[in-house]
Amino acid sequence: MTGVVRFHVPENRLGKLIRSAGGKAVEQAVKDASKGIDSLRGDFLSELSEILAKAEVLSAAVKGADDQGGTDALYGLISASIGVPSACGMTSLDEMLVSLADLIDHFKTHGIWDHQAITIHLSAFRLLLNSESARDSEGAKAILVGLHKVSERFRRTPPAAIST
Amino acid sequence: MVRSPDLKAKFNFEHASVMLLDENPLSLNILIQVLTGFGAKHFTRCTDIAKAEDEITKTHFDLIIVDATGPSTTGTKFVSWLRRSGIEPNCYAPVLLTSGHTAQNSVLEARDCGAHFIIAKPLTPLIVLERIIWIAKEGRKFLESDTYVGPDRRFKNVGVPKELEGRRRDDTSIAVEEAEATSMEQGVIETNVQAQKVAQ
Numbered sequence: 007m008t009g010v011v012r013f014h015v016p017e018n019r020l021g022k023l024i025r026s027a028g029g030k031a032v033e034q035a036v037k038d039a040s041k042g043i044d045s046l047r048g049d050f051l052s053e054l055s056e057i058l059a060k061a062e063v064l065s066a067a068v069k070g071a072d073d074q075g076g077t078d079a080l081y082g083l084i085s086a087s088i089g090v091p092s093a094c095g096m097t098s099l100d101e102m103l104v105s106l107a108d109l110i111d112h113f114k115t116h117g118i119w120d121h122q123a124i125t126i127h128l129s130a131f132r133l134l135l136n137s138e139s140a141r142d143s144e145g146a147k148a149i150l151v152g153l154h155k156v157s158e159r160f161r162r163t164p165p166a167a168i169s170t
Numbered sequence: 036m037v038r039s040p041d042l043k044a045k046f047n048f049e050h051a052s053v054m055l056l057d058e059n060p061l062s063l064n065i066l067i068q069v070l071t072g073f074g075a076k077h078f079t080r081c082t083d084i085a086k087a088e089d090e091i092t093k094t095h096f097d098l099i100i101v102d103a104t105g106p107s108t109t110g111t112k113f114v115s116w117l118r119r120s121g122i123e124p125n126c127y128a129p130v131l132l133t134s135g136h137t138a139q140n141s142v143l144e145a146r147d148c149g150a151h152f153i154i155a156k157p158l159t160p161l162i163v164l165e166r167i168i169w170i171a172k173e174g175r176k177f178l179e180s181d182t183y184v185g186p187d188r189r190f191k192n193v194g195v196p197k198e199l200e201g202r203r204r205d206d207t208s209i210a211v212e213e214a215e216a217t218s219m220e221q222g223v224i225e226t227n228v229q230a231q232k233v234a235q
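Protein chains in written order, with our numbering: chain D, 7 to 170; chain C, 36 to 235.
These aren't lab readings, by the way, just hints derived from the structure by calculation.
We put the CB at the ideal spot given by N, CA and C, even for glycine.
Warning: the hint list may mix true and false statements.
[What the hints assert, rightly or not] Mimicking DSS-like on lysine-lysine, the simulated pairs with C-alpha atoms at most 30 Å apart in a straight line are: (1) D:Lys41 x C:Lys172; (2) C:Lys45 x C:Lys172; (3) C:Lys43 x D:Lys22; (4) D:Lys37 x C:Lys76; (5) C:Lys43 x D:Lys37; (6) C:Lys76 x C:Lys172; (7) D:Lys155 x D:Lys114; (8) C:Lys43 x D:Lys30; (9) D:Lys22 x C:Lys93; (10) C:Lys86 x D:Lys22; (11) C:Lys45 x D:Lys41; (12) D:Lys22 x C:Lys176; (13) D:Lys30 x C:Lys93; (14) D:Lys22 x C:Lys112; (15) D:Lys30 x C:Lys76; (16) D:Lys114 x C:Lys112; (17) C:Lys93 x C:Lys76; (18) D:Lys41 x D:Lys22; (19) C:Lys176 x C:Lys93; (20) D:Lys60 x C:Lys86; (21) D:Lys30 x C:Lys172; (22) C:Lys45 x D:Lys22; (23) C:Lys112 x C:Lys172; (24) D:Lys30 x C:Lys176; (25) D:Lys69 x D:Lys114; (26) D:Lys37 x C:Lys45; (27) C:Lys112 x D:Lys60; (28) C:Lys172 x D:Lys22; (29) C:Lys45 x C:Lys176; (30) C:Lys86 x C:Lys176; (31) D:Lys41 x D:Lys147; (32) C:Lys43 x D:Lys41; (33) C:Lys76 x D:Lys41; (34) C:Lys172 x D:Lys37; (35) C:Lys76 x D:Lys22; (36) D:Lys30 x D:Lys41; (37) D:Lys30 x C:Lys45.
[What the hints assert, rightly or not] If you want the footprint, here are the derived chain C segments under chain D, 3+ residues with CB under 8 Å: (38) 48-57; (39) 138-150.
All chains should be built: construct the whole structure from the sequences, respecting the hints.
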């Protein structure tokens with residue numbers, strides 16, 4: 007490195023504030039925060055249904071690996087939704103979203119597109135969102151294992167060997 | 036290394052001024068609920084980079100939480116801009132970067148934008164609180180160079196990686212050099228260092 011490197015220690019305002027008198031115990035703060043998240047649950051369930059409907063429309067509109075606008079829009083929607091299901095206690099749905107975001111990112115990085123793999127993920131999305139029984143640990147585990155296998159197929163196979 | 040805070044320990048977040056930048060209003064709501072539970076009262080919510088840049092010029096923030104999810108890279112662009120903006124004291128403010136998913140081509144950007152921490156979603160209240168308390172306690176050094184502006188990323192000093200040469204003046208040489216003076220006699224060592232029984 008040829009340029010000048012400067013170090014300094016800025017004032018730690020946050021440190022001073024959180025050490026000031028008053029406030030809450032960590033345990034109480036975590037409980038209050040969890041209660042606050044719980045209060046959003048009802049709103050989020052309907053929002054997740056809308057996200058699924060949008061994702062199906064966006065997925066159907068992707069023309070192929072070269073459609074950067076279409077793949078970006080779908081990736082943006084799915085990745086931005088990660089974290090929302092866990093706020094409603096649906097952690098398996100979050101795992102599915104991470105798996106789908108990984109898959110789309112892999113497709114974008116390697117210039118491939120497989121519509122069927124995306125559709126399988128979106129079907130799992132619908133099942134995990136709408137079926138109580140699918141959300142239990144065993145049912146969800148089986149669905150996630152299946153999705154993992156779909157994603158693995160693309161990771162193991164060189165991009166050139168996959169028909170798009 | 037981040038340690039879980041003592042559950043009985045108290046902290047005061049009431050007077051902290053917090054800015055949140057997240058393009059997804061749902062995620063923004065989750066974060067607001069988490070921070071409200073911690074006792075925070077002063078929020079500035081932004082869902083786009085233009086508003087965030089504008090707010091930086093108006094208010095002094097004690098903590099900035101920015102989402103870096105998705106293809107737009109809004110979050111990392113904002114943090115890079117903030118660190119180089121020269122708008123004091125906000126350009127030195129603690130920044131937590133959250134991410135639902137980091138695209139393969141954005142990993143380096145997220146690492147190098149100048150945030151203090153990256154937290155993967157889904158966010159849990161305890162994880163967010165651990166990171167905030169850790170940032171508030173440490174008071175990390177800031178580094179400004181041609182290629183990077185932000186908190187020192189070498190906050191846990193494990194030395195220079197084996198295959199690289201040190202870039203800093205105080206980086207020690209990889210090779211062990213010849214001793215400049217005679218070694219201490221064993222007797223002197225034993226007088227200075229008393230062996231003690233350690234509980235197993």
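Self-check item: Enumerated hints in conflict with the structure, sorted upward
Solution: none
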